[in-house]
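Q: Take the sequences, apply the hints, and build the full model.
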Amino acid sequence: GENVEQHPSTLSVQEGDSAVIKCTYSDSASNYFPWYKQELGKRPQLIIDIRSNVGEKKDQRIAVTLNKTAKHFSLHITETQPEDSAVYFCAASLNDDKIIFGKGTRLHILP
Amino acid sequence: KAGVTQTPRYLIKTRGQQVTLSCSPISGHRSVSWYQQTPGQGLQFLFEYFSETQRNKGNFPGRFSGRQFSNSRSEMNVSTLELGDSALYLCASSSDRVGNTEAFFGQGTRLTVV
Numbered sequence: 001g002e003n004v005e006q007h008p009s010t011l012s013v014q015e016g017d018s019a020v021i022k023c024t025y026s027d028s029a030s031n032y033f034p035w036y037k038q039e040l041g042k043r044p045q046l047i048i049d050i051r052s053n054v055g056e057k058k059d060q061r062i063a064v065t066l067n068k069t070a071k072h073f074s075l076h077i078t079e080t081q082p083e084d085s086a087v088y089f090c091a092a093s094l095n096d097d098k099i100i101f102g103k104g105t106r107l108h109i110l111p
Numbered sequence: 001k002a003g004v005t006q007t008p009r010y011l012i013k014t015r016g017q018q019v020t021l022s023c024s025p026i027s028g029h030r031s032v033s034w035y036q037q038t039p040g041q042g043l044q045f046l047f048e049y050f051s052e053t054q055r056n057k058g059n060f061p062g063r064f065s066g067r068q069f070s071n072s073r074s075e076m077n078v079s080t081l082e083l084g085d086s087a088l089y090l091c092a093s094s095s096d097r098v099g100n101t102e103a104f105f106g107q108g109t110r111l112t113v114v
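Residue numbers (the working numbering), protein chains in the order written: chain U, 1 to 111; chain H, 1 to 114.
These are calculated hints, taken from the structure and not from any lab test.
A short list of chain H residues far from chain U (calculated; beta carbon distances all over 10 Å):
no., residue
1, Q17
2, T20
3, P61
4, R73
5, A87
6, L111
If the Cβ cut is set under 7 Å, some of the chain H residues that face chain U in the computed set are:
no., residue
7, E48
8, E102
9, F105
Here the structure is a predicted model, which is why all the values come from computation and not from measurement.
For each residue, glycine too, the CB sits at the ideal point set by N, CA and C.
A: As structure tokens, then:
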């Protein structure tokens, strides 16, 4: 079955700097890769997703890249702000009926 | 449009007991998935239901079971509770196949087993 590895588990960046979170997946047939953000005490919410027919997708300060050959995808947050502090989860799906999540990255934005 | 609703929000149970958690999806959504969230383990997939049928199952013991009703509401049951079952249980609903469309999460039920 699909396995998703996520790194780092904790990341601290200075406000205004960029943050990068990386994930690898095991099943080369996976074709849907969402990213979820979970603020403290709140539910996870989708922030961006990418499908396997696209190499990069951007939404304002957030971008996701996908390398199908290497089976890895990354989340890039530019010009980080205090409200970006949260736990971020990557996930992969085989276009079926389950999403496999990584273990999460706790992002701290330092003032 | 109301979001995904989970009840109860908090539960305290003793070892050996059983518990039932409830999830009401967004109106019109037919897919409901369940996840266990623990520190350090992230979100672990339990199972997914679509139109009252379990379509997929994660690697959890048979003590964990679920069902879905004709109105798409879903319940999850855990029997013979163990201390390690203490976690936040999240359900998510989606309009179609959860691996193809955005999944909307509920607030979760925090289960504490003592």
